[in-house]
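Q: Here's the letter readout for the chains.
Protein chains: 4
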Amino acid sequence: MGFPMAAHLARAAVPGDRTLVWNRTFSKAQAHAAQYGTQAASLEEVAQADFIFSCLPTSAEVDELIARLRAHLKSGAWWIDCTSGHPAAAPRQATELAALGVRFIDAPVSGGVAGAGEGRLTVMLGGPEADVAAVLPRLAFAGKAVRVGDTGAGFAVKAMNNALLAATLWATGESLAVLARSGVELGAALEVINASSGRSNASENLIAQRVLTRQFPPTFALGLLAKDAGIALDMVQAVGGSAPLLAQTAGLVRGAAHLIGAKQDHTAALKLIEQMNGVELK
Amino acid sequence: MGFPMAAHLARAAVPGDRTLVWNRTFSKAQAHAAQYGTQAASLEEVAQADFIFSCLPTSAEVDELIARLRAHLKSGAWWIDCTSGHPAAAPRQATELAALGVRFIDAPVSGGVAGAGEGRLTVMLGGPEADVAAVLPRLAFAGKAVRVGDTGAGFAVKAMNNALLAATLWATGESLAVLARSGVELGAALEVINASSGRSNASENLIAQRVLTRQFPPTFALGLLAKDAGIALDMVQAVGGSAPLLAQTAGLVRGAAHLIGAKQDHTAALKLIEQMNGVELK
Amino acid sequence: MGFPMAAHLARAAVPGDRTLVWNRTFSKAQAHAAQYGTQAASLEEVAQADFIFSCLPTSAEVDELIARLRAHLKSGAWWIDCTSGHPAAAPRQATELAALGVRFIDAPVSGGVAGAGEGRLTVMLGGPEADVAAVLPRLAFAGKAVRVGDTGAGFAVKAMNNALLAATLWATGESLAVLARSGVELGAALEVINASSGRSNASENLIAQRVLTRQFPPTFALGLLAKDAGIALDMVQAVGGSAPLLAQTAGLVRGAAHLIGAKQDHTAALKLIEQMNGVELK
Amino acid sequence: MGFPMAAHLARAAVPGDRTLVWNRTFSKAQAHAAQYGTQAASLEEVAQADFIFSCLPTSAEVDELIARLRAHLKSGAWWIDCTSGHPAAAPRQATELAALGVRFIDAPVSGGVAGAGEGRLTVMLGGPEADVAAVLPRLAFAGKAVRVGDTGAGFAVKAMNNALLAATLWATGESLAVLARSGVELGAALEVINASSGRSNASENLIAQRVLTRQFPPTFALGLLAKDAGIALDMVQAVGGSAPLLAQTAGLVRGAAHLIGAKQDHTAALKLIEQMNGVELK
Chain A
505 MGFPMAAHLA
515 RAAVPGDRTL
525 VWNRTFSKAQ
535 AHAAQYGTQA
545 ASLEEVAQAD
555 FIFSCLPTSA
565 EVDELIARLR
575 AHLKSGAWWI
585 DCTSGHPAAA
595 PRQATELAAL
605 GVRFIDAPVS
615 GGVAGAGEGR
625 LTVMLGGPEA
635 DVAAVLPRLA
645 FAGKAVRVGD
655 TGAGFAVKAM
665 NNALLAATLW
675 ATGESLAVLA
685 RSGVELGAAL
695 EVINASSGRS
705 NASENLIAQR
715 VLTRQFPPTF
725 ALGLLAKDAG
735 IALDMVQAVG
745 GSAPLLAQTA
755 GLVRGAAHLI
765 GAKQDHTAAL
775 KLIEQMNGVE
785 LK
Chain B
505 MGFPMAAHLA
515 RAAVPGDRTL
525 VWNRTFSKAQ
535 AHAAQYGTQA
545 ASLEEVAQAD
555 FIFSCLPTSA
565 EVDELIARLR
575 AHLKSGAWWI
585 DCTSGHPAAA
595 PRQATELAAL
605 GVRFIDAPVS
615 GGVAGAGEGR
625 LTVMLGGPEA
635 DVAAVLPRLA
645 FAGKAVRVGD
655 TGAGFAVKAM
665 NNALLAATLW
675 ATGESLAVLA
685 RSGVELGAAL
695 EVINASSGRS
705 NASENLIAQR
715 VLTRQFPPTF
725 ALGLLAKDAG
735 IALDMVQAVG
745 GSAPLLAQTA
755 GLVRGAAHLI
765 GAKQDHTAAL
775 KLIEQMNGVE
785 LK
Chain C
505 MGFPMAAHLA
515 RAAVPGDRTL
525 VWNRTFSKAQ
535 AHAAQYGTQA
545 ASLEEVAQAD
555 FIFSCLPTSA
565 EVDELIARLR
575 AHLKSGAWWI
585 DCTSGHPAAA
595 PRQATELAAL
605 GVRFIDAPVS
615 GGVAGAGEGR
625 LTVMLGGPEA
635 DVAAVLPRLA
645 FAGKAVRVGD
655 TGAGFAVKAM
665 NNALLAATLW
675 ATGESLAVLA
685 RSGVELGAAL
695 EVINASSGRS
705 NASENLIAQR
715 VLTRQFPPTF
725 ALGLLAKDAG
735 IALDMVQAVG
745 GSAPLLAQTA
755 GLVRGAAHLI
765 GAKQDHTAAL
775 KLIEQMNGVE
785 LK
Chain D
505 MGFPMAAHLA
515 RAAVPGDRTL
525 VWNRTFSKAQ
535 AHAAQYGTQA
545 ASLEEVAQAD
555 FIFSCLPTSA
565 EVDELIARLR
575 AHLKSGAWWI
585 DCTSGHPAAA
595 PRQATELAAL
605 GVRFIDAPVS
615 GGVAGAGEGR
625 LTVMLGGPEA
635 DVAAVLPRLA
645 FAGKAVRVGD
655 TGAGFAVKAM
665 NNALLAATLW
675 ATGESLAVLA
685 RSGVELGAAL
695 EVINASSGRS
705 NASENLIAQR
715 VLTRQFPPTF
725 ALGLLAKDAG
735 IALDMVQAVG
745 GSAPLLAQTA
755 GLVRGAAHLI
765 GAKQDHTAAL
775 KLIEQMNGVE
785 LK
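Chains as they are written, first to last, in the working numbering: chain A, 505 to 786; chain B, 505 to 786; chain C, 505 to 786; chain D, 505 to 786.
One chain only, chain A, in its complex shape:
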């Protein structure tokens, strides 16, 4: 995700500004520099930026990154974290960075690699109103950017969005498995569902392209979807809420990650549904 996102940041940079890129694998940063005119930099160098963007698998990796950068951070800087992080991590990270004069904004994104490439990601921002307003003009990769609340609210909405992705994906998979066993042609069924009230992003954009084609191209990992559905469940617990359907979904998706493989594409979760129904979705 970070690769195309950083490209948009570079394109939007005002003359005189530099766009530094860092990656665990330095050659990837160099490739980015060669392709987009950015500069491959060390962690110490990126720590000196005015606007730091991070996009990592989980909040745990962000914690590690903060630990490595903290000695080098510049007071007055902004840290915009695009990770699908944990709402409980955000206030802690914000407090830690505030002590160094750095303002933390949680700004997870939705839209996938394709949306990142086209610069039309949806960004959900959490943080004080003025801080969010200050970073909004900098989100060159965004098609839509909305403040949804205070620190952590961005992560919260992203987790719930992905829990809904999991629920719609799974429910649609179940419905197709039963239709397949009933002798209905799945392509036709999906076509009308996508023009009807049961449609969702999962039915419109994921299942026809990734499941019925049997390709399951690995873009967003099943293990990360299970992680996000789990964050949503942590939120339910944190507020003493009741969400039995999302709770079941989290359990099933986690089960699929164990049984099918956490590194498979998230749509491969439907392979567990296939095995539980003795049928193939095609």
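These aren't lab readings, by the way, just hints derived from the structure by calculation. There may be inaccurate statements among the hints.
Said to hold, decoys possible - No farther apart than 35 Å at their CA atoms in a straight line, the calculated lysine-lysine pairs in the DSBU-like style are these: (1) 786/B - 648/A; (2) 786/D - 578/D; (3) 786/A - 767/C; (4) 532/A - 648/A; (5) 786/C - 648/D; (6) 786/D - 648/C; (7) 786/C - 767/A; (8) 767/A - 775/C; (9) 532/C - 775/C; (10) 775/C - 648/C; (11) 767/C - 786/C; (12) 532/B - 648/B; (13) 767/A - 578/C; (14) 767/B - 786/B; (15) 648/D - 775/C; (16) 767/B - 786/D; (17) 578/B - 648/B; (18) 786/D - 786/B; (19) 767/D - 767/B; (20) 767/C - 648/C; (21) 648/D - 532/D; (22) 648/D - 578/D; (23) 786/A - 648/B; (24) 532/A - 767/A; (25) 786/A - 775/C; (26) 786/B - 578/B; (27) 532/C - 767/C; (28) 767/B - 648/B; (29) 578/C - 648/C; (30) 648/D - 648/C; (31) 648/B - 648/A; (32) 532/B - 578/B; (33) 767/A - 648/A; (34) 775/C - 786/C; (35) 578/C - 532/C; (36) 648/D - 767/D; (37) 767/D - 786/D; (38) 648/A - 578/A.
Position chains B, C and D against the provided structure of chain A, taking the given hints into account.
A: Coordinates of chains B, C and D only, in the frame set by chain A:
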């Protein structure tokens, strides 16, 4: 639903053809005739039509209608049933009508009263290929019409579509209830979800308009959604399938119908989620 | 089941009475005769009995049996069906037999092969009060026999009992999988649970003996448990009820039957839980 | 719970030993002293005990108690916490107390007020083997006491036990609601289930006495059951496990606590099932 659908049939009628309308309450048929140039007719008269369209709450009412019309039906006619019927009823009804020389097509629709008014309903058809091809040009109320399989397949896909409507509606309601308890502004959350991967027809078109406004306008009854989710569950049972998420959904929606009221709009199911979370979605 | 049950009937027979046994495989009936002093008989002969006991996999096999026996049945006889049958089948079967002067009692049993051997099965009877009272003294294999309602009520309670067996078995399996991943010793955990408020027949008598030993001895097939949980779900549907937990259970157990194997012992359902948790229960 | 538990501790005390009791409401401690020959004491006094027993609603109250006692604790003492605590709290509490020379054992109990009165509680202990062995002879209120693992394992098993209580209670409630709608007599149904494979502590000891009698005597609060089912769910999350049935249960029970009332007896959760089925369990 039938009122605007019949209006489209009348508009599309070739010169010389008559469009007869019947309703349990004769004055409704007369009002239709006055408004659209159709003819209010008795059951005996409509039984003589070349193309009979029915759109009733459940297959049970269609069975009653067939019983009342059977003595008057014309051999060579077509019966197109737009009811959200039961897949198990269709083969039985088709066989019964075939004995009278009448061909039965299951052709349930999606799109609601609004879609019916604009003549852009989605129609999912079940029946032999040639029969479906013969009636396709007659579906003047359709924006999209697709044959999904043999007799009963239309009902099957419609039931699954509505089960998915129930699942997406309920899951989105749970996510908003937890976000509300977490202090997130629901309008903003819904705005970004609707531009993200967790979006669905329920999140895009139902919740903002019907739930957050607290209006719950009664168009599609909660009791009928529970009925359809139940038909989907009957299908799971009939094929020995496994659909634990749809199964839970059917149970929750049926529970909401008992607790909130079967005649409420289907989106009022979320009032049960509100009560189970001690929060209001607004 | 039928083998030891018939042995008890033979033991309890009054002098002069004969106990006829029939089996699809005649040599099994002969073995029973040799061992217990019963008489291996043809279907035509057993059809002439005063009290006919049947114990088959599903109501479908009972329907077949009735079809084969009907020409030979004796007016005034009783048909006691110990099958875990379908509540919807019972009134139909009772009506069909009543036309021949034969009274049908649904009398499913619980207790397994062990309970059958010891003559302490629990029998749940459905039928008119006087009819049930008349057959009660004949249930020589029963440790407990209770009339639970009219025709079909026996099947209904048995289906719900087995749905509860499925739910307790599955829930306990989930809890042990998570405890195993948490590093808790399962034998000790099960010991205290069995002395605490979360205990059930599944935790007390099934999991320690069949799962933790890794033996899963095939007595009651997983496919039959899935069938019974499905009958319970049919009942929910038939009365317009709401049972989301039993509904999910039915889906999971059916999924396990597809994925693990319908002929495995019912406790092997927990192998799916193991695979969904990446852990072994031992 | 603590009242009768402390009575057993006093009865079992060796001559010369004192049993000190403390309660937020001092008069309760005085009443205990008058009735059982214990001594009502201040927090500072009980902090000096060799064996400290705590039994509070949640781990949060234990944290508060540790904070209030810490300045007064005696090195070499034991702290046995009988709270239904959180497994994640135990290692933290153990570490904090170890720094003061005090050994912490998690020792939650099952058996209710009745079991406490009769001194036959089940105690599930977590902690180092030697430490558990040292406190075992002191558990005068126990009918059974088993070490289930290291620090926190006791809380873990208790949480899972109560999650199973919730699941069996809810599932049995659903089955009875559907049987009631099917016209089956619930007392008879429960009688045979309790002699069959679907039985559980919930079906045998709770529903007949508390639900069918419509008394719902408030002993163990619904809010605490929801809390415990939530702890079980936290455990699922902590180990990346899959437990969709327990997850749904936690959601339903939490929903019942919001809708029916957290202070109602835990069996009153079934009132939500009744409302979702339009039927009363009696």
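Q: Could you check the structure against the hints above and give me the numbers of any it violates, in ascending order?
A: 2, 13, 18, 26
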